[in-house]
Each structure stands twice: as structure tokens, then as C-alpha cells.
Amino acid sequence: KAGVTQTPRYLIKTRGQQVTLSCSPISGHRSVSWYQQTPGQGLQFLFEYFSETQRNKGNFPGRFSGRQFSNSRSEMNVSTLELGDSALYLCASSRGDRTNTEAFFGQGTRLTVV
Amino acid sequence: GNSVTQMEGPVTLSEEAFLTINCTYTATGYPSLFWYVQYPGEGLQLLLKATKADDKGSNKGFEATYRKETTSFHLEKGSVQVSDSAVYFCALSNAGGTSYGKLTFGQGTILTVHP
Numbered sequence: 001k002a003g004v005t006q007t008p009r010y011l012i013k014t015r016g017q018q019v020t021l022s023c024s025p026i027s028g029h030r031s032v033s034w035y036q037q038t039p040g041q042g043l044q045f046l047f048e049y050f051s052e053t054q055r056n057k058g059n060f061p062g063r064f065s066g067r068q069f070s071n072s073r074s075e076m077n078v079s080t081l082e083l084g085d086s087a088l089y090l091c092a093s094s095r096g097d098r099t100n101t102e103a104f105f106g107q108g109t110r111l112t113v114v
Numbered sequence: 001g002n003s004v005t006q007m008e009g010p011v012t013l014s015e016e017a018f019l020t021i022n023c024t025y026t027a028t029g030y031p032s033l034f035w036y037v038q039y040p041g042e043g044l045q046l047l048l049k050a051t052k053a054d055d056k057g058s059n060k061g062f063e064a065t066y067r068k069e070t071t072s073f074h075l076e077k078g079s080v081q082v083s084d085s086a087v088y089f090c091a092l093s094n095a096g097g098t099s100y101g102k103l104t105f106g107q108g109t110i111l112t113v114h115p
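Top line first, the protein sequences correspond to chains A and B. Each residue of the first sequence is one higher than the one before, starting from 1 at the first, in the working numbering. Each residue of the second sequence is one higher than the one before, starting from 1 at the first, in the working numbering.
Hints are computed from structural coordinates only; laboratory data are not their basis. Owing to the predicted nature of the structure, the values given are computational and were not obtained by experimental measurement. Among the hints, erroneous ones may be present.
Okay, derived cross-link-like pairs now, DSBU-like style, lysine-lysine, Cα gap no bigger than 30 Å in a straight line [claimed, not checked]:
| id | chain 1 | residue 1 | chain 2 | residue 2 |
| --- | --- | --- | --- | --- |
| 1 | B | Lys52 | A | Lys57 |
| 2 | B | Lys60 | B | Lys77 |
| 3 | B | Lys52 | B | Lys77 |
| 4 | B | Lys68 | B | Lys52 |
| 5 | A | Lys13 | A | Lys57 |
| 6 | B | Lys77 | A | Lys57 |
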């Protein structure tokens with residue numbers, strides 16, 4: 001069974017640019033969540049999508065957005081990049097129902113903003 | 001709201017030593033509790049979980065018991081190996097409502113095991 005796949009693994013962008021990250025969940029999982037990991041703030045929840053709908057959102061500015069496609073693959077977009085957006089972005093997939101909250105993570109995308 | 005507090009790190013041990021990493025939580029209702037491990041340059045791997053009070057999660061020699069009376073989920077291993085060196089995260093999930101898909105993490109504990 002294939003795991004969670006995130007692409008690309010590494011990205012270098014310039015301040016002011018925008019970036020799109022991709023996440024393919026485990027087959028059969030309908031929920032995809034995104035997290036930002038930084039040394040200072042730790043792991044912070046960005047948002048969660050289930051069946052193409054955003055069900056939950058963390059406390060991030062509107063520059064951070066996402067979407068989910070009918071095959072459950074998800075993308076997140078960050079516009080007008082700032083130096084502070086440099087982080088490891090992780091996505092997690094799960095079945096998304098009330099009875100099973102077990103989440104499986106991808107290897108992450110390391111974003112560096114210069 | 002939900003929160004998770006892990007013991008201050010880093011933790012440095014010799015091989016075959018006993019490991020405890022403390023984790024306490026604050027949450028409404030009956031959350032599920034998890035331990036994740038992160039190796040350098042990697043994502044998070046689920047190490048073990050417990051979904052109700054008094055459940056014991058175990059995997060690869062690691063154990064943790066869900067203690068509702070003390071709101072704790074401490075991670076233990078009887079004999080650590082060099083290969084256990086990693087960052088360990090305690091996390092909780094409250095299914096449903098405004099918590100869908102959201103794991104709340106502790107700050108992480110860096111474990112280094114020396115030969």
C-alpha cells in the first residue's frame with residue numbers, strides 16, 4: 001500500500017513569489033490535512049480537506065490556501081511569500097471519519113524563501 | 001482548547017538505558033492520543049496510539065498508557081538503541097466538530113542515544 005506522497009521535496013523561492021505544494025493521500029483516504037513545521041513554532045495546523053471541502057482551518061493568514069480534488073489529492077498554495085514562510089510543510093492523510101482519527105504523514109516539502 | 005505539553009528536552013541516554021518522555025494534555029471530551037517519531041530529514045511516523053482511557057499503545061518496544069485521571073500519555077521504552085535517536089512528538093485528536101483532521105502536537109523531545 002503506497003504511503004502519502006508529497007511533491008516536490010525541496011523548493012527555493014524568492015520573497016513575493018507564490019508556490020504550490022502537492023499531496024497524494026493513501027488510497028481510500030478522503031481527508032488531507034496540512035501542517036507547517038518550524039523550529040520556533042513547532043507543528044502548526046493549517047487546514048483540513050475532506051471530500052473536496054475545507055472542514056477545518058488553523059490560524060494562518062489568507063495567503064495560505066488549499067484545495068482538494070475528486071481523487072482526494074490536495075494542493076496548498078502560498079502567495080506573496082515571506083521569509084518567515086520558510087518551513088517544512090507536511091501533509092497527513094486519514095479516513096476522516098469520527099471513529100478513526102489515525103493520520104499518516106508524507107515526508108514533507110522543505111520550502112526555503114530567500 | 002486542546003493543548004499538549006511534553007517534557008523539556010533534549011534527552012541524552014546511553015544504549016540500553018530506560019527511556020521516559022512525559023506528556024500531559026488538556027482537552028474536552030475523550031480525545032485519541034498518539035506518539036509520532038521524526039527522523040532527520042523525514043516526515044512524521046506514527047509510533048503508537050490509544051483511543052480511550054486505560055488503553056495501552058505499544059510498538060517496537062515503546063509503550064504508553066492513556067491515563068485520564070492524570071491526563072497523561074507518557075512514552076516508555078525499557079532499553080533504547082542508537083537507532084531510536086529521533087524527535088518524538090505527543091499529539092491528540094478530538095474527532096468531529098471544529099477539530100476535524102486536526103492533530104494538536106507537543107513541542108517535541110529530541111532523543112539522542114550514545115553507544
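These are the hints, each one checked on the structure:
1. Lys52/B x Lys57/A: holds (26 Å)
2. Lys60/B x Lys77/B: At roughly 9 Å apart (the allowed maximum being 30 Å), Lys77/B and Lys60/B satisfy the hint.
3. Lys52/B x Lys77/B: Between Lys52/B and Lys77/B the Cα gap is close to 21 Å, so the pair holds against 30 Å.
4. Lys68/B x Lys52/B: holds (8 Å)
5. Lys13/A x Lys57/A: Satisfied, since the Cα-Cα distance of roughly 25 Å is no more than 30 Å.
6. Lys77/B x Lys57/A: With a Cα-Cα distance of about 35 Å, the restraint between Lys77/B and Lys57/A is violated, given a limit of 30 Å.
In the structure shown, a violation is registered for the earlier hint numbered 6 alone.
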